[in-house]
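Participant: So the chains spell out like this:
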Amino acid sequence: MKILVCISNVPDTTSKITFTNDNTAFNNAGVQYIVNPYDEIALSKAIDLAEGGKGTVTVITVGDSSTEATIRKALATGADNAIRVNALPRDAWFVANQIAHYAKDNSFDLILTGRESIDYNGTQVGSLVATILNIPSVSISKKLDIDGNSATVEREIEGGKEVLTLNLPAVIGTAEGVAETKIPNMRGIMTARTKPLDVIEPIEVAQLSHIVKFETPAPRGAVTLVDAGDVEKLVSLLHEKAKVI
Amino acid sequence: MSILVYVENTDGKFKKSAFEVVSYANAIAEQSGTEVIALSIGNVEESQLSVLGKYGASKVLNVNTEQLKSFVNQAYAAIIVDAAKSSSASIVVLSNSFSGKGLAPRVAAKLEAGLADGAIELPTVNGETLQVKTGAFSGKAFAYVALTSAVKVIAVNPNSFEVKEAEGTVTIEPYSPSIDTSDFSTIVKDIIRATDKISLPEAEIVVSAGRGLKGPENWGMIEELAHVLGAATACSKPVSDAGWRPHSEHVGQTGIAVSPNLYIAIGISGAIQHLAGVSASKTIVVINKDPEAPFFKVADYGIVGDAFDVIPKLITALKAYKGI
Ligand SMILES: Cc1cc2nc3c(=O)[nH]c(=O)nc-3n(C[C@H](O)[C@H](O)[C@H](O)COP(=O)(O)OP(=O)(O)OC[C@H]3O[C@@H](n4cnc5c(N)ncnc54)[C@H](O)[C@@H]3O)c2cc1C
Numbered sequence: 001m002k003i004l005v006c007i008s009n010v011p012d013t014t015s016k017i018t019f020t021n022d023n024t025a026f027n028n029a030g031v032q033y034i035v036n037p038y039d040e041i042a043l044s045k046a047i048d049l050a051e052g053g054k055g056t057v058t059v060i061t062v063g064d065s066s067t068e069a070t071i072r073k074a075l076a077t078g079a080d081n082a083i084r085v086n087a088l089p090r091d092a093w094f095v096a097n098q099i100a101h102y103a104k105d106n107s108f109d110l111i112l113t114g115r116e117s118i119d120y121n122g123t124q125v126g127s128l129v130a131t132i133l134n135i136p137s138v139s140i141s142k143k144l145d146i147d148g149n150s151a152t153v154e155r156e157i158e159g160g161k162e163v164l165t166l167n168l169p170a171v172i173g174t175a176e177g178v179a180e181t182k183i184p185n186m187r188g189i190m191t192a193r194t195k196p197l198d199v200i201e202p203i204e205v206a207q208l209s210h211i212v213k214f215e216t217p218a219p220r221g222a223v224t225l226v227d228a229g230d231v232e233k234l235v236s237l238l239h240e241k242a243k244v245i
Numbered sequence: 001m002s003i004l005v006y007v008e009n010t011d012g013k014f015k016k017s018a019f020e021v022v023s024y025a026n027a028i029a030e031q032s033g034t035e036v037i038a039l040s041i042g043n044v045e046e047s048q049l050s051v052l053g054k055y056g057a058s059k060v061l062n063v064n065t066e067q068l069k070s071f072v073n074q075a076y077a078a079i080i081v082d083a084a085k086s087s088s089a090s091i092v093v094l095s096n097s098f099s100g101k102g103l104a105p106r107v108a109a110k111l112e113a114g115l116a117d118g119a120i121e122l123p124t125v126n127g128e129t130l131q132v133k134t135g136a137f138s139g140k141a142f143a144y145v146a147l148t149s150a151v152k153v154i155a156v157n158p159n160s161f162e163v164k165e166a167e168g169t170v171t172i173e174p175y176s177p178s179i180d181t182s183d184f185s186t187i188v189k190d191i192i193r194a195t196d197k198i199s200l201p202e203a204e205i206v207v208s209a210g211r212g213l214k215g216p217e218n219w220g221m222i223e224e225l226a227h228v229l230g231a232a233t234a235c236s237k238p239v240s241d242a243g244w245r246p247h248s249e250h251v252g253q254t255g256i257a258v259s260p261n262l263y264i265a266i267g268i269s270g271a272i273q274h275l276a277g278v279s280a281s282k283t284i285v286v287i288n289k290d291p292e293a294p295f296f297k298v299a300d301y302g303i304v305g306d307a308f309d310v311i312p313k314l315i316t317a318l319k320a321y322k323g324i
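Protein chains in written order, with this note's numbering: chain R, 1 to 245; chain H, 1 to 324.
Chain H extracted, bound-state conformation (with noise of 0.2 angstroms):
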């Protein structure tokens, strides 16, 4: 018995999330005595890999051939199926990432496996039965799952979960699992990345604007604050569709569900289909200059003022603060 964890990297460096899940089937590992076999698919090098033992994992497959530079999820999901049989893992972990959203079904699919995605806690075991807390409604309430399979899968929310370190050492195992080629009709042909820009749900700190900003012109102030504040940018659902914002920047029940330790809102009213998206942050911030905007229901801390003038003495401020 074993759990596996697929861990993500881009151009061969792990993602945070990576060794969130790690810590994630780490302290699974734990609680039922089981060991944490991670899979990595791509070109990652030896030193990067051992790192996952600082995590938890005691065994790191290591599959690494040209064919399988790029992400294809038929492909990815047919060795993450392979290598759960050949570990005999019970439970399958993987990032709810945008990649992950996409694996993880398939990766249920063939196990036959029970999926819980978007989990934000550890699982409670009852027996053969997990149950895990996972979003529902949009961030407007939580479900338990419970997972009746033999093979479980869980998808864990990216930022839900804290990277702990564990003690141990780890084996690194090339990995080659059987390629079927027909799981390869899907071909990447590009990939446009925005280098300067932090991915809006892995971020810890989120900036965000509303309609408050007038017009897309605006938004210079919004992304120095954010550059300050080394937060990603976000926006409320009519400015990315009046085209101020691109549709990658929308949070909300219709948009990108974030939950970071600080989401700061500009400007925005606070409208249910918004709150539902960004409800998880840890903290919030909330700038708007009507005192009955419905985001101060839900906010931390607020300030009642105009966005012009408060964002850029709040720029100054913090660089005041952080001697920049």
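Chain R with its partners taken away, still in its complex shape (with noise of 0.2 angstroms):
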């Protein structure tokens, strides 16, 4: 089974978020990029299903060249080799084009991808490549078997989840529950370097979106502290000043 893993290059999780530009840029100053936490699970699901020769996994990030260290990342974990698109992402659109573009040629059973990256939060690359490639797609699957040629997942909905079966090919997007995050263990990390991490040139896409500016959230006021022993004052707070209950 050939596998695709989708790999986003994503401010650490503990990063302060910050704009240049008159809030019209990412500040990056000093921040540390990751596997998006997502991305992640996709990438261990797809690496215990390639366990024992079952399968091959590559992992594809649409970047420019500072995503290497994070692309390593993946081949340290497990990947067996990898495909960067040279170019900063514009939009979901633009990358899930150079991802589908990629993956017509190269036919591959599975792409997984994590089901949101942690910064700009769409749910959307997978369910684009999956549109353009004209195969079916969940974007959030809590649990993913694969069974020959057809996968059943398990979909969140609201207030309870969906068993679902679909075939082969198929972009799955992965949540928590579908795999434990494996981390890159010495041998891993060895061998990342020695495996191929080949560089292709983006293809032209149209731009249909773009971030104009950016905004952070107002400071919350200061916290009114009610005693422990005085819980009646809470509720009254809540109802007559708050007005949520």
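These are calculated hints, taken from the structure and not from any lab test.
Every residue gets a Cβ at the ideal spot worked out from N, C-alpha and C, and that includes glycine.
Do not take every clue at face value.
[Claimed, not checked] Below, in silico cross-link-like pairs of lysine-lysine (DSS-like), each with a Cα-Cα straight-line distance of 25 angstroms or less: (1) R/Lys243 / H/Lys322; (2) H/Lys16 / R/Lys243; (3) H/Lys214 / H/Lys197; (4) R/Lys233 / H/Lys297; (5) H/Lys197 / H/Lys13; (6) H/Lys15 / R/Lys243.
[As the list claims (entries may be wrong)] Label-pair ranges, simulated between beta-carbon atoms: (7) H/Glu217 / R/Ile183: 23 to 33 angstroms; (8) R/Glu240 / H/Glu121: 21 to 31 angstroms; (9) H/Ala194 / R/Ser236: 49 to 59 angstroms.
Once you've looked at the hints, go ahead and assemble the two chains, each given alone in its own frame, into the complex.
Facilitator: Okay, structure coming up:
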């Protein structure tokens, strides 16, 4: 089974988020980049599925050369080879078209993405790739089993879950529950350096959206403390002042 | 020109998010002088469909065939695209619900439309461009996304736009889109609903607890508090990682992002990754025995105290307040 895992290079979860250029650009000064945590789940699942010679795992990233540390981390975790599309991501449509273009010529049985990235939070790339390739997709899966040519997926729905089967090839977006995330071991780190990382050039894609500016949330006011022995006070504040109960 | 809104139902009943998206579309329509056409897929009764008129839909396209009883995103997306084209929609609005997250990009790709997902405010119009405020960096920031394509798709975050009544009459039309069997390669085998639970992304009140609760055996009081308040229950990441609670309850940067009116955090430290997913809550109450817990810095109300002492008292006080 040939598996493609889409990896996004995102600011570490502890990063303080600030902007420059009059709030039009993300300030990456001092920011550490990591494999998007949801993509780590996708990668770990792919490695499990391919274990014991049952398949191969290719990771793909759309990004400039600064993303290579993140890609090497994915290789160290256990991916077999990597593709970097040499372009700065413009929006999800741009990224999805690059991935779909590569996937079209390389007939993957399964394409895994994380359910969203922790920077721009669109749950878009996976479904866009699937639509361009005209194959089925699930955007938020909590459980994934592959049996021959078919996938059984548990999908989250409001107040419950749905069990689906779909034919491969398909695109699945992964969330917690799909796999335990793996971390690179020493051997992985050593071999990562020798694994193939191919750089390909992007295709032209129409620009459908762009980010005009960013904003950070207004700071909240100071906390009103209520004595632990006076919970009735909290109840009345929530009713009379906050008007939430 | 029109605005097409896809309205979701659960077992034939519209969810609150359906009324939110119709209200949202209607607010845009009022600005731009267009009409709102709602599209419903599934077995929804006429009386339910006509309720959409109360929120501003002038027409409801009703797709009701056995084949489409359960949600198949490829097929549903194809129908939304079909309806958008046949009603010359320039904007398609849907809910950024779990299903909507799968649908919106499919619809956008087929229409070659720019997509703003996670919209939290009405768009501003600037000529042919729509600018939409969305969440970004998992609640640590907002992004204003400009959609420049001919057709635009907006997926509205649940709970971020008020349901508003509007004047007008509604007509209901049966709608039979052309259906391609290749869009049905996904089969729904089973739907498992936790009937007694309130869905987290849609909840107006969320009661959430963390590692301070010590173990799964102590969640009874959290559930009772949630029950008294009519709230959904949630937890921090280590709690679901330890298997004390299901993954579907984990909120935060790498969990579900919530935006309830009231978020009550009990025995949760307030790590940056947790705050990221809950900072859009309108009112935050923190109960923690450590006065230095970072969560107090973002809380509106706080109690420094032991959860095992405070929560039972709070339950009693709320019951008294509610007369139950
Ligand atoms: C990549 C990554 C992603 C992450 N994503 C998320 C995420 O999405 N969501 C998330 O929640 N976390 C996330 N985390 C974890 C996060 O960093 C914290 O570890 C986590 O939020 C801590 O959970 P907690 O507050 O329940 O536990 P703790 O940090 O152990 O805090 C427990 C709190 O309970 C208080 N307490 C203890 N006993 C009592 C008592 N009897 N009464 C009252 N208070 C008491 C303590 O004072 C303390 O403040 C992520 C971490 C990483 C590395």
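Participant: Now look at each hint and say whether the structure bears it out.
Facilitator: Structure-based check of all given hints:
1. R/Lys243 / H/Lys322: holds (14 angstroms)
2. H/Lys16 / R/Lys243: Given pair H/Lys16, R/Lys243 holds - Cα atoms ~20 angstroms apart, limit 25 angstroms.
3. H/Lys214 / H/Lys197: holds (23 angstroms)
4. R/Lys233 / H/Lys297: Given that 25 angstroms is the threshold and the Cα spacing comes to 20 angstroms, the pair holds.
5. H/Lys197 / H/Lys13: Answer holds: H/Lys197 to H/Lys13 is near 17 angstroms, not above 25 angstroms.
6. H/Lys15 / R/Lys243: holds (24 angstroms)
7. H/Glu217 / R/Ile183: 23 to 33 angstroms: holds (31 angstroms)
8. R/Glu240 / H/Glu121: 21 to 31 angstroms: holds (28 angstroms)
9. H/Ala194 / R/Ser236: 49 to 59 angstroms: Since the Cβ atoms of H/Ala194 and R/Ser236 sit about 32 angstroms apart, the hinted range of 49 to 59 angstroms is violated.
Checked against the numbered hints given earlier, the structure breaks only hint 9 and satisfies all the rest.
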